[in-house]
Structure formats: structure tokens, C-alpha cells
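Spelled out, the chains give:
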Amino acid sequence: MNDYPVLTVTTFLPLVGAALVFFRGGERLARWISLVTTLATLIVSAPLYFRFAKDSSALQFVESADWIPTWGVSYGMGVDGISLPFIFLASLLSVLCVGVSWTAVRTRVREFHVALLVAETAMIGLFAAANLFLFFVFWELMVIPVFLLIGVWGGPRRVYASVKFLIFTLAGSVLMLVGIIALHKLCGTLDFKALAGASIARVHQYWLFGAFLAAFAVKVPMFPVHTWLPDAHTEAPTAGSVILAAILLKMGAYGFLRVSLPVLPDAVHHFLLPMLVMSAIAIVYGAYVTLVQTDVKRLIAYSSVSHMGFVTLGIFTLERKGVEGAILQMFNHGILSAALFLCVGMIYQRTHTREIADYGGVARTAPVYSTLLALFCLAAAGFPGLNSFVGEFLVIGGAFETGSWLGAMAIWGVALGTTYLLWLYYRVVMGKQNPKLAGLALELDARELATLAPLALLAVVVGLYPECVLSYLRAPVAALLATGGAP
Amino acid sequence: MNGVSTADLALLSPELILVGMVLALILAAHRIQRGPLALVGTIVAAVASAAAAAWVVPADGATGFGGMIALDGYSRFFEVLIAASLAVAALLSVKSLDGDRVPRAEYHALLLLASTGMMLAVSSLDLLTLYLGVELMTLCSIVLVGIRVDRPASNEAAIKYFLIASFASALLLFGISLTYGVTGATDFAAIGSALRGRSSDPLLLAAMGLLAAGLAFKIAAVPFHAWAPDAYEGASAPVAAFLAAGSKAAGLAALGRVCLVALGSEARTLSMILAALAALSIVVGSIIVLSQTSMKRLLAYSSITHAGYALLGLVAGTPEGASATMTYAGFYVFMTLGAFGVVIALGERGETLDGFQGLAAQRPGTAALMLLFLLALTGIPPTAGFVAKFGVILSAVRADHVALAVLAVICSVVSAFVYMRIAVFMYMKEPLEPAPSRFPVTVCAALAVTALVTLVGGILPGSLAPWTVPP
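Protein chains in written order, with the working numbering: chain A, 302 to 788; chain B, 732 to 1202.
Treat the hints with care, as some may be off.
[Said to hold, decoys possible] If you want the footprint, here are the derived chain B segments under chain A, 3+ residues with CB under 8 Å:
| # | segment |
| --- | --- |
| 1 | 1092-1099 |
| 2 | 1112-1120 |
| 3 | 1128-1138 |
| 4 | 1144-1156 |
[Claimed, not checked] Okay, the calculated beta carbon distance ranges per label pair:
| # | chain 1 | residue 1 | chain 2 | residue 2 | range |
| --- | --- | --- | --- | --- | --- |
| 5 | A | Val-345 | B | Leu-747 | 54 to 60 Å |
| 6 | B | Cys-1175 | A | Lys-486 | 39 to 45 Å |
| 7 | B | Gly-1096 | A | Leu-574 | 26 to 32 Å |
| 8 | B | Pro-954 | A | Glu-702 | 58 to 64 Å |
| 9 | B | Gly-1096 | A | Gly-732 | 49 to 55 Å |
| 10 | B | Gly-1096 | A | Ala-359 | 40 to 46 Å |
| 11 | A | Thr-654 | B | Leu-1163 | 42 to 48 Å |
| 12 | A | Phe-313 | B | Ala-760 | 49 to 55 Å |
| 13 | A | Phe-313 | B | Gly-1096 | 43 to 49 Å |
| 14 | A | Leu-758 | B | Pro-1171 | 53 to 59 Å |
| 15 | B | Leu-747 | A | Asp-367 | 36 to 42 Å |
[Stated by the list, open to error] Interface residues of chain A toward chain B, partial, derived using beta-carbon atoms under 8 Å:
| # | residue |
| --- | --- |
| 16 | Trp-333 |
| 17 | Ala-405 |
| 18 | Arg-409 |
| 19 | Val-410 |
| 20 | Ile-445 |
| 21 | Val-453 |
| 22 | Ile-468 |
| 23 | Leu-471 |
| 24 | Leu-476 |
| 25 | Leu-478 |
| 26 | Val-479 |
| 27 | Ala-483 |
Since the hints were derived computationally from the structure, they do not count as laboratory data. All values derive from a computational prediction rather than experimental measurement. C-beta: ideal position from N, C-alpha, C; glycine also.
Pulled out of the complex, with its shape left as it was, chain B reads as follows (with noise of 0.2 Å):
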């Protein structure tokens, strides 16, 4: 392996810039504890980096550090999402940081360092830079989750996310080493081309489900879900947002990743795994959902549902099928952090289900927008949300997964029932509270730009065809 060249440092300069400014919010934590500093640098950095990501590296399916590190338009599509989501849950943030007392610049920069990892995750072709993206990731979300450190829950939640992650961990080191030892690579492509023409074998089956389980904590999926409505509920609102946005999509592009260029030559065995994840987290996670009435476990149970919706394109494991999970990563940040978004201008009044009754009478706008974020999350055009849904069933039918296609749209019926109810509260009952005072300008902001999207996608659903570049 050579020394590492400026071309290299070239491929990282997305993650680059985000460590940058970590390093500058902690060297001076002191003086910007207050005052709007620490989020302004999260803001400059997520666009700088995702400029970075779409446009300056010229060179299209470069590789660096001897083959370990991509930036191609599947890491450049992934990035810029990531780097979406963290300016968004950064723009929500300051409403429960005011509230919660919590350390500006370590929360900044913890949310800065949670979205390195999950670029360098995205960006990773090797099961070892994988790893350390992830549990970059997964660490700093740990932190996160736990960061107000006066409230029980809080602490409670990071706790048992922490015991979880660190299994999930396991499986996924577990898997790596099993994966190494039967193919001799932690390579993508040389794991790739060592499985070609070769029969299948117990050991790699165990070590293609230890992959597929460690990862598919990192998403929520059924079976390995547990831990998502604990860790949401506990956190503040904007960092459970932030997990089901970010933390969702690296995990789902890693995944991609591993399966199509990776195991791409198990695609049979695999999609059976896959197919399993995704059944099992859109039917438990639509029913579990239906006795919901906190909105950040509602929330929770929608981005597992989701989750499963995401994994039918990878069921298909064609290019096709991978970009339509693109889409569906896309889309789904943007639709969830709406959500979020509408759940936090509320403030304590949006963390329970009541808290929505009779919204429209005193905020039609906001009750708009809601119903806006829920119909994409129901999956009903002209939103974002059908059009990502057409496209992973479209995806599945493609693949003869036609009894996957109509258990998933079924139980999206079920899913409706949910998401409508919240309607049904806020446009059909009185309201019990006083109407909610003014939103800060940044959560407008946020609101804004997740809704434009989520509109913009429905109403031309191909614009982000040119960017869904599988790997």
C-alpha cells in the first residue's frame, strides 16, 4: 500500500470538512456556549460538505487509500443526503436546546462527528473502514441520545441503546471476520470475485447473515428493532430525527453496498435474508404502530415500517432495485424529518398523540403541513412518498416478489389508518390545548425546505433519477 496522496485526502474531503469544524466547535466550546455560533459552523460545514461531495472532486468513481475509500455517485448521492439531514435536525435543534440546558458545541459537534462516520460508512469499500463508519456513527448517536444528562429517560435510553449497539456490534465484527476467513479479503470487490463460482458453504451463510443482522440494527429492522422506540422516546426529539434520517440512510447504503458488490454474486440466498427483514419490519412495524400515542415511538414503529419499504428494492438485487432504494432513502429523510420537524415546533404539546387535536383550527398552515408529511409517509401521490414507494414495489414486482409487493401495500393500508388518525385529530376534534405560540425562524426553516422536497418529489418524481447511481 502506498503513502497516502493528496488525491486521497481529495476523496475524504467531505468527511474532511465535518471533522474540521468538530475540532474547531471543541477548541471553542468556551466562548460559544451561548448564542447562535455552534449552529451557524454546522450549517456551513454540512453545505460545504456536500458542495464538496457533489462538485469537487471531478473524478467519477475515483478510489483512494489502496482501494478502501469511493467517492462515486453512489457515496456522492449518499453524502449529500447525510449532509441534508444533519443541517435539518441542526435547524430543529434549537428549540430543545434552549429548553434542555445542553452544551452547544459538544452537541454540534457530536452531531458533526455522527455524520462523519456515516459518510465514511457510505463511502467505505472495504468491511473495515465499514466498521469504523458505523461505529462512528453509532457512538456519537449513543452520546447523543444521552446527552441530557439531568433527565432519567434520556440516560435510560442511551444505556440500553449503548448494550444494544455494542451486540449488534458483535455481529457485525463476527460477520466480517467469518466473512474474511472464508474468502480471505475484506475487500469488496476481492470478497466479490473470490465468490464467484463457488458453492455455496454453511460458514458463508452464517457469516452473510451476521452481515445482514449487524446491519440491520444500524436500520431497525425486524428482528433487530428493539432498540429504535427506546432510544427515540428518550432522546430529544431533533436527535431522534436525526437517527431515523441519517442514521437510517448510511445504514441502508452500506448495506446496498455489501450486498450488490460485495455478495452480488449470492443474490439468491440474499434477497431470501432480505426479503425475510422486509416482510417481518413493514408487518410488525404497521401493527405494532397501531397502539401508538407517543409520537416519537409512532415515529419510531413508521421508520422501521419504512425501513422494510426501503429494503424491498435491495430484495431485487439489480442496479434497477438499488436505485429505487436510493429514491426511497432520499425521499423518506426528508418525509420523516417533516414529521419531525411539525412533532418539534410543537414542542411538549407534539410528543403525544392528543397534543394534535384541533391543530387545524389553530394553526391551518402547520396542520398542512403535517398532513402533507403524513400522506408521503402513507405513500399516497402527488407526495414524494408514493413515488418512492412505486418505485421499490415496481422494483420487487420486477424481481416475481409479487406476494412481498401486495403484503407490503396491504399493510400499508394498515399503516394509513395510523397516519390518518393523527389527521382525523387534528382536523376533526376540538382542541384541548391553547393554541402553540410562535416557531423559531430555523424551524421554519427546516419545515420549509422537507416539505419543498417532499412536494417537488412527488410532482417530478424523476428529478432525482440522475443521482440514484447504484454502485
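For reference, chain A alone in the conformation it holds in the complex (with noise of 0.2 Å):
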């Protein structure tokens, strides 16, 4: 059954559907069309679950063609154990993303729909790409739609924070491009496969290093250049800002495993400190200045910087444990970022407020919606039985063995993290009815329903059997760290 290029052919199929939309006319017919591709595309790239072999550290399903001859540069693709998890985020999430936007975008629905496709091959092709030429190709090709759903359907504010979303992100790219072309230079080549096993001077590491890691820290984000996070997040369309939460972010951490750490060992050792204090401090002010946020988007935007502090975390501690769960983690912020900035864009769409004051008692109104908020933001805080749990417990592990001052920052941090979710269901959700909100339908219609349905399973499934993104990780993480991570 296996007679079709998978990774290409999964990748590409959105870009088809985007031409699709942008050349015949029609609103309702462009919805359709995106719905139909992006689950076309969800079910097109099953075989890679099904087929693909958990004890290898190998590239799978490798795909190989003459692309550039004259610089060296083919065109490669290939998943491992470490980029198929998020393939799979990135399709079904775009799925998701349509069924968001049924009803939430109503301008210029077929050039909304044409970003999100586009964005969704961006994402996809990005994770499959097996050479540093096309992830940067793909890198960049997500910058754009992204730019146009927060600049065009996104909030008020939403030109500015577009702008600058645009100006940090290209910022950090063209130093990797940089990079890119010193290591062209260097080891004449770009296949990740060959640069593992490069051997590269020092002193040459250490400014790759740096190259590489001003893209990869503005994605993550990294403390100090998270700041386009929240105004991009806060602006964007709840799409958008699902796109940007589960997968964009995603793109600097996979940057990291893909690139800096098998690449580049002696950089990564050479700077681990650096790398462990900025995420200790985005673990922990992050989680501060989440605390304080009055705006629901706000508050769940800037929560990404303290997650995503876990997850560099975990990748610097080079512990078999601390990278795993950096990686599961990753996957898990991507479920319950997604599925918070779901639920907060479909209560937004009925009451247009995102101040925390101007909720209250939403529980005697929406059950449904309340328990599934409730299981989403338990979630997020690492409640045992839930996804969260496993990974942030194996990220605190790793750091305790790398130094415990970094096990107690990890931990603070959980702690906070607990406290803001906690707080902001409790002045979301208990409590009495804000008069603000009588005689509004706050309940989810079966659309929405369906939509936060799948996340909800998987926030319950890999909770309680972890094994099932776990397996997937072994092989491969155990490779990179024999290979790049040993000092």
C-alpha cells in the first residue's frame, strides 16, 4: 500500500488545496475545500504511524531527489522518531483550525483559508525535511501566512503585532541563513545525516552556535526575545494563534534537537550554562508575569514562555530522561496550548471580551464547555493522569540530575504554573454570574464540540500511557545523545 511518496505527498497536499481555494470563487465552497484537504491530508499520512519501525534512530520513508546540483543540495525528506509526532500535530491541528474558523472568520474567508493550507505545508514539510536547505525553505515559507492571519483577521492591535512577529522572526532567520551557508561552506553538504557526523573546529562551532541559536531562541522563545509572543498570540485569530502556540514555537525546539545538538557538541556543551539560566528564568518570570495578566489570550500567550522554558530545559539537561521529556512536552504544549487558545476563541466569539473581569460563573451556563476547560487547564498544570504530568516529571528529573538549583527552579515553576491556571478557572469559571455575560449562549454547539473532542482524548490517552509518544522517542533520542549530546 506504500506506493506513493508519503511524506511528499502529505506534505504538498495542502499547497494543492490552497491553489484549489484561491482560483474558484466561493466562501461556503473554500471552507469545504479546506476542511476536505486537511483531513485528506490527516489520512494520507497514516502510514507513517502504522508503518514505521520505533527501533531505529534511522530516517524513515526517505525520499530523495537531484534538486540543486550545482550547490550540492538535494531534495530530501525523512521522519525519525523525534519529527513524527509533530507531523501529526500539524495535520491534525489543522484541522482543527478549520473547524475553528467555520463561523469565527467571516472576511475574506478564501484568502484566510489559503493561508492556513499554506502554513499547514510549512509546518508539515518543515518537520519532514531531511536536509538543513529545505527546513530553512520551509522555515521561512511559514513566516508569511502566519504574518497575513495575525495582520489581516487578527485583533485590534493586530498591524503592530503582525509587524513584529515578522521583524523578530526574520531578525533570527537571516543569521541562520548565515549559518547555514558557513556550514555549506565547511562540510559541503547540508544533509542532516552527513552534518552529524562532521567534525567541525571549535571556534567555528561556537559562532555557528550562535547563528543558529538567534533563529531558534526568537521561535521558541527564549527569555529575553519572547516579546513578540504575547502581543502575536494576544492579536492573532484563534487559528493563528493555535498555529503559532502548538507548532510555531515547536519549530525553534526541533531546531535545537535537529541542528545545535548533533551538529554542534562541543557549542552545546561549551554553553550549556547560558542555555540552562535562560530557561530557568523563562520557567519562572515567565510564570510570574503570567500571573499577573488581566487578559484570558494574554495570560495563556505568556504560559507558553514558562512552558516552553520546561522544554529547553529539558533538552540542555543532555539526560536521556530530560531530552524525552523535552520532546513529549513539546507535543503536550502543543495539545493544550491549542485546546486552551480553542476554548478561550469560542467563549471569545460569543461574549467579544478577553478580560478575566468580565467572566465569572460561567459554569452555571456552559457545563460542558467548564469541564472541558477544567480538564485542559488541570492538564496544563500537570495533573497526574494527564498529559502534562509525565513530561514536566521527566524534565524535573533530568534537571535534579543535572544540578539541583535547576530541579528547584523547575519546580517553582510548576508550582506558579498551577497557581495562574488554577486562578484563572476560578475567576473564569466558579463562582457567581457576571451580569456581563446573562442571556448569553455560552454553551458549545456539536461543530465546536468536535473540535476540542480529539485534543481532549489525546490530553487523556497520553496521560495515562505516555508510551505512546514515549516508544517513538526512544531510538532516536538515545542516538543523539550517543552522537552529539556525550561530551
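Hints in hand, dock the two standalone chains.
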């Protein structure tokens, strides 16, 4: 059955859909084409999960073709256990984004769906790329649709937020471009596999690490280059926030795993301490800033800074536990930040306010919504039995092995995380009903329920049986730490 | 020197075709002032001349006229490119010709003659023929800038351009005479062999500086750029597009051949001069462009920045670097013609930045095209602009000019702000003006061609590689 190039088809099918939407008129039709395309993408990607050999750390489903012979760059696709979960996440969330935008987006619907589908191609392609050139192409391709999603369909300060997002990410990625070119000069190849085996002089590694750090740190985002995130996430339309939080932030962390660790091991060891410190600051500082937010969406946006701090902390522990936990946490944060942004978007559509003070007592009129929100808030706070618990546990374990102060910071972050999430839940859902909400039908309809259900299911399944993700990670993480991570 | 043989004339066939059409247009001028005949003639001549450059002359690397003219891979590439930019510029001219009551036959004849000069410049192997070609190009361009005689702005621009261009020609000529004084030759190969193994000499340095300065005027590299924004703004948009595309490509080609063939042994000094020109052009261009609100001025400063990027390839002083510059010039011509094409298609509205407000709501297709060209000018994949930029930065890094490469990419973020501001205006603002009327079919054709090259070049970056043969 595996007689088609799965990765290429999965990557470029959304682009075909985008072309269809662009050239065939009609807003209704645009929505349906978009939904069918994203669902079809999910279906054609199915062989990836069933036929994947979990005990191998090599890239699988490899496709290769000559592309630019003068530069020695080929068109190469392939996935391993680290990238596979994110391809799944990207293709699943694209479907949900179409779902949540069904009625929320009313202006320029066709262009919205074109942007969404182009973004899906970029997301999947990024995780499927087997060489750095292709990785960069998708990395940059991602910026434009997201820029438009924020700037055209966003909130009141959307233009400011979108331009800020664009300038931050471009400033990071052009330095990566120089890094890629320098790597090309030093190694003569941009293939991930060949680069991982290349030996690069220490001094060059330090500079290259800096160049790639500029791009990855902005995307993650790490402290202190996180300031674009609250604006972009807050102003973006719900689908844009979901894509930003769930996938775009993971691109930076994925870059660390794919490029920094295997290709520049000496530099990683050299800069270990500053990276760990920056992660710890992001966790604690991010959590405190989250605590004082008065805007629901901004609160969730800031919580990403703290949560992604856990991810970079886990990666730079260079412990098996820490790295596996970090990747699991990337996946979990993808599910939960998406779910929380979806929840906020759904209720915003009814109340047209994002101020926490305008909410209260939502549970009285919307029990199902409140239950789901409780599930997601608890999961994000690291409640046992739900997905984030396992990831955070692993990361904290890894952190303690690296240094007990790191573990302490991480636990501090978890405690603060529980506080801001439960406090948010308390202020929005519990207590007396806010008079401003009187007379509004807040309960979810079937379409919205269907949009949230897969994420709720995932949160529970991954929480009860984390092996379903971890089993993919074992072999590649072991290989990663053996080749690159070892001192 | 022997007499002129038919083989010699065959080498000049691309130029001769254009000149033939010029004569035909001028002879028939009175009959074709209205109607599309002049346009058709120009397109036919451009296509025929491109075909002649690419296929008709069989022997590769042939030289003629006593070694003054060559039709090698290098000149083939640029001749085809110049013919293409001539054709696109002619297609784009239709709208402004109707509006401004410009005599069609003369206008097209001047376009053709300017292209002839460009082709002569890119295929010359001798400083004197190079000078002749460059001058022919410049004189015709000056007249084209001022051809809208009833507009004071147009006249003023032409006079400014004329004064500065004469100054640049004087520099170039002085450089040529100093080179002759040092080496006793004007022939590139002879200059090259005379310089080999020779200790550096202040006179030679002056000669190189003057040659580089004279040619830097033609490509509008900083600090020899001051004419470009004024000339572009005063000229009609299609003429500005033609100047930004064709004359820049021709100037780069001439500079490339002089640097690599004639002054190849002085590569170290030369690369310092070129690196300074490139860095200045990139920095100054991308900073001044921030404050522009007139689209023609904006694109003028953008073209100055792009001249700087294109020079990055020549800084390396290697054949690969020259290939990267050729690729850059090739793709740049199409993306800048495309961006000008959208400006032209929108007419008066397109001349200012504000005119782009809300375009995406009114004409989604046009806005998407403009976005494509803007992304290409910014250098974002998957457009040809990224491929071009990757190539020149790769060659700069390979030549160990890492600081220059970093400077270049950082400035590309600054100019990204400008290009993306146009995107912000198109996509994120409400329209101020009524939707534009339908575009003439010729303008649509020009936009389609340029968009196709910009997109295909980005998806198949190797597509130009077989043609970018360094001198």
C-alpha cells in the first residue's frame, strides 16, 4: 500500500488545496475545500504512523531527488521518531483550525484558508525535511501565512503585532541563513545525516551555535527575545494562535534537536550553562508575568513562555530523561496550548471580551465547556493522569540530575503554573455569574465540541499511556545523545 | 586588423537585429504613431535577437572584430536577459504611452537602441567598445527619461541624469586612458597579461578606482547612486523599470568582465573596492528606502540595495562568484520588472505607497502577485529572490567575507520592513480609492512572465545554472 511518496504527498497536498481555494470562488466552497484537504492530509499521512519502525533511529520514509546540483543540495524528506509526533500534531491541528474558523472568520474567507493551508504545508514540510536547505525553505515559508493570519484577521492591534512578529523572526532567521551557508562551506553538505557526522573546529562551532541560536531562540521563544509572543498570540485569530502556540514555537526547539545538538556538540557543551540559566529564567519569570495578566488570551500566551522554558531546560540537560521529557512536553504543549486557545476563542466569539474581570460563573450556563476547560487547565498544570504530568516529571528528573538548583526552579515553575491556571479557571468559570454574561448562550455547539474532543482525548490518552509517544522517542534520543550530546 | 568578415557580423547578429528594427521603426514612424505596430515590432525584434544570441551563432566563445567582440556564454546570458527586459518593458509601456502622448515609433526605437548599447557593452572584450556600448545605452536612456516633453519633472530628471551621466562617462574614460597608460592596451586579455606579475602601482590603482567608479554609476551603487531616485521618479514607470532592470544588468555584466578578465590579477585590491561599494549600497539603500512614500523612489532605492547584493558575488573574484552575480542579475531583472509592472498596472494609484491600501480586498490576484514580487525582493523562499541571495552570500562566505555577509543579511531585515509595509498596506488596511480598472492584456502578459520566472526560479533554483557561464 505504501506505493506513494507519503511525506511529499502529505506535505504538498495542502498546497494543492490552497491553489484550489485561491482559483475557485465562493466562501462556502473555500471552507469545504479546506476541510476536505486537511482531512485528506491527515488520512494520507496514516502510513507514517503504522509502518514506522520504532526501534530505528535513522530517518525513515526517505525520499531523495536531485534538486540543485551546483550547490550539492538535494530534495530530501525523511522522518524519525522526533519529528513524527509533530507531523501528526500539525496535520491534526490544521483540521481543528478549519473547524474553529468555520463561523469565526467572516471576512475574506478564501484568503484565510489559503493562508491556513500554506501554513500547513510549511509546518509539515519543516518536520519532514531531511536537509538544512529544505528546512530553511519551510522555516521561512511559514512566516508569511502566519504574518498575514495575524495582520488581516487579528484583533485591534493586529498590524503592530504582525510586523513585530515578522521582524523578530526574520532577524533571527537571516542569521541562521549565514550559519547554513557557513556550514555549507565547512562541510560541503547540508544533509542532516552527513552533518551529524562532520567534525567542525571548536571556534567555528561557537559562531555557528550563535547564528542558529538567534533563529531558534526567537521561535521558541527563549528569554529575553520572547517579547513578540504575547502580542502575536493575543492579536492573532484563534486559528492563528493555535498554529503559533502549538507548532511555530516547536520549530525552534526542534531546531535545537535537529541542528544544534547533533552538529555542534562542542558548542552545546560550551554554552550549556547560559542556556540552562535562560531556560530557568523563562520558566520562573514567565510564570510570574503570567500570574498578573488580566487578559485571558494574553495569560495563555505568557504561559507558553514558561512552558517552553521547560522544553529548552529539558533539551539542555542532555540527559535521556530530560530530552525525552522535553520532546514529550513539546507534544503536550502543542495539544494543550491549542486546546486552551480554542476554548478562549470559542467563548470570545460569544462574549467579545477577553478581560478576565468580565467573566465569572460560566459553569452555570455552560457545563460542558467548563468541564473541558477544567480538563485542559488541569492537564496544563501538570495534574497526574493527564498528559503534561509525565513530561514535566521527566524534565524535572533530568534537571535534578544536572543540578539541584535547576530542579528547584522547575518545581517553582510548576507551582506557579498550577496557581495561574487554577486561578484563571476560578475567576472565569466558578463563583457567581457575571451580570455582563447574562442572557448569552455560552454552551458549545456540536461543531465546537467535535473540534475540542480530539484534543481532550489525546490529553487523557497520553496522560494514561505516555508510551504511545515515548516509544517513538527512545531510539532517536538515544542516538542523538550518543553522537552529539556526549561530552 | 583584417577587414570585417561575415563571421564577425554573425557575432553581432543580436545587435544587428535590434538596429534593423530601429531603422524600420524610424523610417515608418509617420505610419505607426497609433496602433500596436511599433510594440509588435519591438517584441519581434527582442525575441529574434534573444534567439540569435542563444542559438544562431554556433561556435561558442567565438571572438570577432580583432578580438573586440565576443559571443561567449557570458554575453549570451546577458543578451538574452537584456532582450527579455526589453520585451517586458515594451509590454508594460502601452498604458503610459496612451496617457502621455509619447511618439510611439521614436519611443520604441530608443528602447531598442538602448538595448543595443547594453548588448554591445556585455559582449565587448575591449575597453573602447565597452565604452561605446555603455554610452549608447546611457544617451538613449537619458532621452527616454525626458521623453514626456510636456512634463517639467520629466525634463528635470533628464537634465540631472544627463549631467551626472556625463560626469560618470568622464570618469570611465579617464580610467580607460590611465589603464592604457599603464598597460599599453585597451584589450581585456592584453591588459590582463600586462598586469600579471607586476608590482602594484599608484597609477594602476587610480585606473582601477576610476573604472569601477564609472561603471558603479551605471549600476547606481553607493556613493554613485544619487541620480537614480530622481531619474526613476521623473521618468515614466516603464522607463524606470527598464533602467532598473536592463541597464543594471548590463552595467553588472560589464563590471564583471572587466574585473575578472582584465583586472583578474589585481583581485585583492579590486575586491576591497567592490566590497566597499557593496557594503555601502546595501546599508545606505536599505536605510534610505525606509522613508520613501513614492513607489518609484522606493523601487529606485531598492534597486540600489540590490546592486549591492549583486556585487557580493563579484567581491569573491572567482568564476563561481561571477556565476552567482549572473544568477542574481537574472532573477533580479524579473522580480523588479514584476514589481514595477504592478505599479504600472495600477496607474496613478500605484505611484504612491498609499495607493496600495486595501488592494487585496479589491484585487486579490494583483495583491498576491505584488506579494510574490515583494517576497522575492526581500529574499524569502520559495521565490527566485531567495535563490539569488543565497548564491551571492554563499560566494561571499566562501571568499571569507563573513562580516560582509552578516551585514548583508541584517540589512535585508531592514529592507524586509519596507517591502512588508507594502504588504501591510495591501492586506491590512481599508481601501481608500475605488478598485482599479481592468489591466491591458499586454500588462497582464508581462506580469505573468515575470511572476512565472520569479516562482519557477525559486522552486527550481538550478534552472539558470547551465546558462550562467562566467567570462
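Consistency of the hints with the structure:
| no. | hint | result |
| --- | --- | --- |
| 1 | 1092-1099 | holds (count 3) |
| 2 | 1112-1120 | holds (count 3) |
| 3 | 1128-1138 | holds (count 5) |
| 4 | 1144-1156 | holds (count 7) |
| 5 | A:Val-345 x B:Leu-747: 54 to 60 Å | holds, 57 Å |
| 6 | B:Cys-1175 x A:Lys-486: 39 to 45 Å | holds, 43 Å |
| 7 | B:Gly-1096 x A:Leu-574: 26 to 32 Å | violated, 53 Å |
| 8 | B:Pro-954 x A:Glu-702: 58 to 64 Å | holds, 59 Å |
| 9 | B:Gly-1096 x A:Gly-732: 49 to 55 Å | holds, 52 Å |
| 10 | B:Gly-1096 x A:Ala-359: 40 to 46 Å | holds, 45 Å |
| 11 | A:Thr-654 x B:Leu-1163: 42 to 48 Å | violated, 31 Å |
| 12 | A:Phe-313 x B:Ala-760: 49 to 55 Å | holds, 53 Å |
| 13 | A:Phe-313 x B:Gly-1096: 43 to 49 Å | violated, 22 Å |
| 14 | A:Leu-758 x B:Pro-1171: 53 to 59 Å | holds, 57 Å |
| 15 | B:Leu-747 x A:Asp-367: 36 to 42 Å | holds, 40 Å |
| 16 | Trp-333 | violated, 19 Å |
| 17 | Ala-405 | violated, 18 Å |
| 18 | Arg-409 | holds, 7 Å |
| 19 | Val-410 | violated, 12 Å |
| 20 | Ile-445 | holds, 7 Å |
| 21 | Val-453 | holds, 5 Å |
| 22 | Ile-468 | holds, 6 Å |
| 23 | Leu-471 | holds, 5 Å |
| 24 | Leu-476 | holds, 7 Å |
| 25 | Leu-478 | holds, 6 Å |
| 26 | Val-479 | holds, 5 Å |
| 27 | Ala-483 | holds, 6 Å |
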